[in-house]
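K.L.:
Throw the hints in and build the complete structure from the sequences for me.
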Amino acid sequence: MDPSTSSAITLNINGEKHTLSVDHRTTLLDALRERLEMTGTKKGCDQGQCGACTVLVDGRRAVSCLQFAVAAEDRQITTIEGMAEGDELHPVQQAFLDLDGYQCGYCTPGQICSAVAVIEEHAAGWPSAVTDDVRPEAGPPPLTPEEIRERMSGNLCRCGAYTSIVQAVARAARSGRAAGPPATASAAGDTQEEKDKEAAA
Amino acid sequence: MTTAAPRSTAAATPPAGAVGTAHTRVEGVEKVTGAARYAGEIPFAGLAHGWLAVSTVARGRIRSIDTDAVLAMPGVLAVLHHGNAPRLETDYIGMLGTRPDPTCTVFQHDRVPSMGWPVALVVAETPEQAREAAESLVVDYEQQPHDIDFHSGRPDAVGLDGHMPAVTGKGDLEAELAASAAVVDAEYTTPEEHHSMMEPHAVTALWDGGRLEVFDSNQGATWVVGELAKMFSLEPSAVRVRSEHVGGGFGSKGVRAHQVAAVMAATVLRRPVRVVMTRRQMFSLAGYRSPTAQRVRLGADADGRLRALEHRSLSLTSTVHDFVEPSAGHSRVMYDADAHHTANQVVRLDLPTPTFMRAPGEAPGSFAMECALDELAVKCGLDPIELRLRNEPERGPVSGLPFSSRNLAACFREGARRFGWAGRDPRPGVRRDGRWLLGTGTAAASFGAGAGPSTAVLTAEADGTFTVRIAAADIGTGARTALTLIAADALGVTTDRVRVRIGDSDFGPAMIAGGSMGTRSWAWAVNTAAAELRERLALGADIPPEGITVRSDTTAAVGALARKERHSYGAQFAEVAVDLTTGEVRVRRMLGIFAAGRIVNPLTARNQLVGGMVWGISMALHEEAVRDRATGGHYGADLAGYHVATNADVQDIEADWIEDHDPDDPVGIKGVGEIGIVGAAAAVANAVWHATGARHRDLPIRPDRVLRAAAEKAPHA
Amino acid sequence: MREFGYHKAHDVPGAVALLGADPDARFLGGGTNLVDLMKSGVERPARLVDVRELPLDAIESTGDGGLRIGATVTNSDLAAHPEVRRAYPALTQAVLAGASGQLRNMATVGGNLLQRTRCGYFTDVTKACNKRAPGSGCPAIEGEHHNHAILGASGHCVAVHPSDMGVALTAFDAVVSYQTAEGTGELPLADFYLPVGDTPHRETALPAGALITHLTLPPAPVAARSRYRKVRERASYAFAIGSVAAALDVRDGVVREARLALGAVASRPWRARAAETALTGAPADAASFAAAADAELAAAKPLPDNAYKVTLMRNLIVAVCTELAEEAAR
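Taken in sequence, the protein lines are chains D, B and V. Here the first sequence stands for residues 1 to 201, numbered as in the working numbering. Here the second sequence stands for residues 202 to 918, numbered as in the working numbering. Here the third sequence stands for residues 919 to 1248, numbered as in the working numbering.
Read the hints as simulated data drawn from the structure, not as lab findings. Note that the structure is a prediction, hence the values are computed from the model and not measured. Using N, Cα and C, we set each Cβ at its ideal position, and we do this for glycine too. There's no promise every hint is true.
Derived lysine-lysine pairs resembling DSSO-like cross-links, with alpha carbons at most 27 Å apart [unchecked claim]:
1) Lys765(B) with Lys371(B)
2) Lys914(B) with Lys926(V)
3) Lys914(B) with Lys371(B)
4) Lys17(D) with Lys926(V)
5) Lys580(B) with Lys371(B)
Stretches of chain D that chain B covers, calculated by requiring three or more beta carbons in the stretch to come under 8 Å of a beta carbon on chain B [to be verified]:
6) 48 to 54
7) 74 to 83
8) 161 to 173
P.N.:
This is the structure we're talking about:
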C-alpha cells in the first residue's frame, strides 16, 4: 500500500489499544468490523442516514460510518461490546432485553449506544427539538416519551419496535436516577402489554 | 457428553404451558451485546471482497467492459461479467413455484433491462479496493429508449394470474350500480415502496471439501439452497446455507444477485468471497413493492348493503420476469356483493422486477378498498364500523368456501370499546387542538393463514435436555423463541430444557419465513416430531449418549388440509392531527385488535403487530421511491431520500388480540407477521379525512398534498 | 473512493499551509457531509487536512453582548451553550432541528455553512448536474423538484441549501471570519453565499484555500425573543421542506424590529429583507404578518411541483410571527 495513502494507527476501543495499518479510506466502522472483528457495530446505510453504526467517541454518540479510522486516533471509542461489565448487562441493554426493544436486532447496538448517550445528554441539561423553551432559565425538560422519541430519532428501526425502545430508554433513565424525581415517562401502565413485559422480565 | 442416568422426561409432571406466556428472546443477550453475528460478519481466512457494478442506463446493451484498467488497480483479483462468468441453469421452477428472476441470474447476457441492473462483480483484497475498482469500471452501453411510465389506463396492461387468478367476477355490475342508492367510484394510488430492512443483503460463499458453503442473510435456507443448487447444477446436498441471524427481510431476502455473483467468484477464485449490497444498490437489486393504481366502484342500498363491488388493480413488473402485486385479492375475502368483480393487471416496464413486500397485495389493496368503504359509509350516513358489520359474508365471496374462523366483528367491537369510538361525531373538520385538526378513522384487515410443508429434527439428549433442529429463519419475528415455547409444551418440559437451532439448510427442508406462515409451519413440524419423541420416551428406555432423535415431515398433513377460507382478521383505529397551514400530519394514537389465531409469545407477537402498524403509518405518510423519468433511475435512493418512519413519527400504538383459534392447526396458530400493516394506512387516511374533510387517495399523504387539498377546499383560506 | 493522503493540522497557519493551493485537497471537519460525498463519488480529494483538533472550539462573549463561535465548535455544543440559548434561542432550535444527535455531535459550525445541497441529482454521479459537473444541465427543472428552490434560483440550478443552523445565523447577521496564506478576512453571511446565476458550482465567496476560523454573532437584543420552525416530511431526522427563523421586538402592539430568514427555499439561507421592511412599524397582527410574507414571496418563481412552498412559507411566517407576538404580549 502506498505509504502516503495509509497509516499505522492506534485506536483506543473499550479501554484497549489496537494498533493497525489502515488505508486512509477505511472508516472507523470498517476498521471495527473488517479489521478488528468487532462486528457489534452495524452497517445499515454507510451514509449517516440510519444510526446503526452509532458508537461513543470521547463519551458522545457519533456515527462511525462517517469518520475515517485515521482521524479517530487519540479518541476514546466505546462500542456495544464495551457496554456490559462482564456478564452484567448495562441497564440500557437489560431494558432492551426485558422490554423487547428490538426485533431483528440489527439496529439494536446502535440504539443502545445512542440511548446511553441520550440519558447522559439529558442529565447534562441539553434541550432537544421538541423542548418547548430552550432558554436556560426554563430548566432542563423532563424526559417525557416525546423527548425520548425525538432524541432517539437518529436511529431507524425498520421492524418498528419504537414504542418498546422508548419504554426501554425510559426505564433505564429511571433506574439511573433513583435519587432524582421520577421521569414523567408515562410508558408504564397497566395495559396487557406492560403486564406481558413485566412477566417476561 | 454426560453418561449420567437420564432424567425420565415422559413421566415428569407437565409444567404450566409455555405457549401464550411472554418470553424474552432466547438470543436476546447476543443481540443486545453485539455478539450476534449476521451474515457479513463471520470472519474467514483469505476472504476476498466483491462489489457489484450496476448499469447506468435503463435499457440497452453492453457494448464493452474495460476490465484491463480495473484489473491493474491495487488489490483487484477478478472482474466477472457476461463475457466470462460461469453459465447458469435458468430453466427450472423453484420452491415458490416460479422461474428464477433474471435480475438474480447475473452476467448471462449483454442486455440491460433496467437502471441498476448488475453488469459486473469486481473482487479485490479489501472492501475499499473493491469499491473504488467497481466504481471505476467503464462500461460502454448502446442505450435504447426506455419506458417507465406507470399510470392507470395503460393500453398494454394484461391480466396475470400470479399466486391467484387475475380475474374474478359474478353478477351484472352496471345494473347493480345503477340500482344502488349510494355509489363510490374512485381511483387510489400507492407508490413504489422498498423493504429497507436495516441489514443490507450480505453473503459469504466458499468451497469447503467439495461443498459450497453459503453464509447468508435470508428468509429461508431451504429456498436459497434449492435455487443455488439448480443454477449451478449441483446436488442440493452439495450446498449448505446458514443464516443464524437475519437483520430483517420483509419479503426481500430470497435469492438475489449478490449471492449468485458471490458463488461465481468463490468458484472462479477458489477462496471465500463476500458480497454486501450498498444501501443505494438495494434500491435496484433487492426488489420492491410495485406502485399500484386501483379503481374501486361500490354500490349499496340505503341501508349499506353492498349490491356492487368492483376492485381493479394495476401494478408493474419488469420486462424480464412477471410479478403481480395482487391488490384486488383483499376484496375477494372481505366483502360480498350481488355483482362482484375483481382484477389484477400488470404492465411490463423497463424497471427492476418487484417482489413480495410485507402483506403483498393486502397492504395496497386494503388501502383502496377500506378507504372506499369509508367514503361509502359517509354517503350512506352510516358509521363505518356498522357498514362493515352489515356486510359480513357467510362464506368466501368469490370461493364460496366456508371460513375456518372469522372474528372480524369481534375485533371491531373490542377495538371500538377500547379506542372510545362510541359517540364519534361523523362530521369532518370540526375538532381542533391548537393548530391541529383532529380526526379518527378505522379500517378492516385480513391476511391469509396458511402453512407450508416442513421437516424438523428433535433429539432427546442424554443430559435430559432437548435439541430442536429446523431450517427456520428468525428475521426478527422471534421464531427461535416461539419454537422454544412450542417444543417445551409439546414435550411437556420447561423451556430451559429446550435448545432450538435454526438457520441451517442441513437441518432438512422447511418453510420460509414469509406469508405469515413461518412460525405456524415450523411449529407444526416441531409439534409432530415432539409427539413421536414422547412416544419413544414413554417406552422408558435409557437415553444413549448420542441421544434419541426423531424426524418429522408435515408434507402430507399440510397437503390434507381441507379447502377453506383461512385468514387472520383485524380492526385498525387511528387518531391523527393535521396542521392545514403546514401540511404536517401526525398519528397521535393507533389501536389494532386482531384475531390472528393462537398467540405463541405475547411479548414478541405484540411487538411484531405494532411493527406492522408502524409500517402502516410509514406507508400512509412517508414512503415513496421517486423515479426520474429522464433516466429511468431513482431520485434520492437512500434513507435520507426514502423516508421510513422515525421514532418521533410513532406516538401511542397499541396492538392486542381476541381469542381466536385455527381449528385445523395442531397449535391453533394463524400468523402475525403481516396483518399489522393491512388496513393501517387506510385507517390513517380515513382519519385524515375526518380531521380535514379532504380525501387523500394518493399515498403518501405528504405535506404538499395536504396543502393542495386544503387550498382546493377553501381557496380563500 | 480514491486513495488519499491525510494530514492532521495542529494550528491554523499550519492547516492553511498544509492545504496550500492544491485544488484536490479538502479540509476535513466533522466529516458528516464530506465523507458521505466521497463515498458517493461527488468529492474525490487527493488529500485531506483534518482540522478537527485546531484550537477553534470555543464560544466566547465578545464583550458587547455578541458571541464569537469557533469554527470547530460542534453543533451540539453550540445548541447546548447557555448564552446561545439565552440570547439567540432560535439558533439553538435551528441546530436541534437538524440531522440527529449523533451527527450534531460530529458536525462543526464551519462545516455546516459549507455543506452541499442534498438535491438528488447533485448526489448521484450518474446523473447530470450543473453544480457538480458544470454544463451538464439541471434535470430537476423538468424532473423531480418538489423540494427545490422558489427564490433566487436560475435556469441553471434550482437546488436548496440544506442548513437549518444557517437560517438562524442569517437572521442574526453572523459574520464569517477566515484565514488564508495571505492573512485573515471577514464576510458577512449575507455576502458569503454567491448568487446562483450561471455558476451554481461556485457557492461561496471564500477565497481559494481559506479556512473558516470563527463566526461572530453581533449583539441583537431582538434575538432573545426568537423562534425557529421547521417543516419536513417526517417528524424528525429529515431535511426541511420549509423553515423560518424569526425574531420580533414588539412593543405596544407594534413591531419595532424584525428579523426573518427562510430555509429550504433557495440556494442559501434566505434573509427575508422585504418582509422585515414591511413588518417594521406595522401592527403586530396576522394581517401585517401575511402582508410581510407576501412582500417577500412576491419574488417567488415556483416550478410546477413546488408551488406549495409559497403557501407553506406564507403560512409559516404568519404562524411563527403570531407566536412571537403572543409571547411578547404575555
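K.L.:
Hints the structure violates: just list their numbers, smallest first.
P.N.:
2, 3
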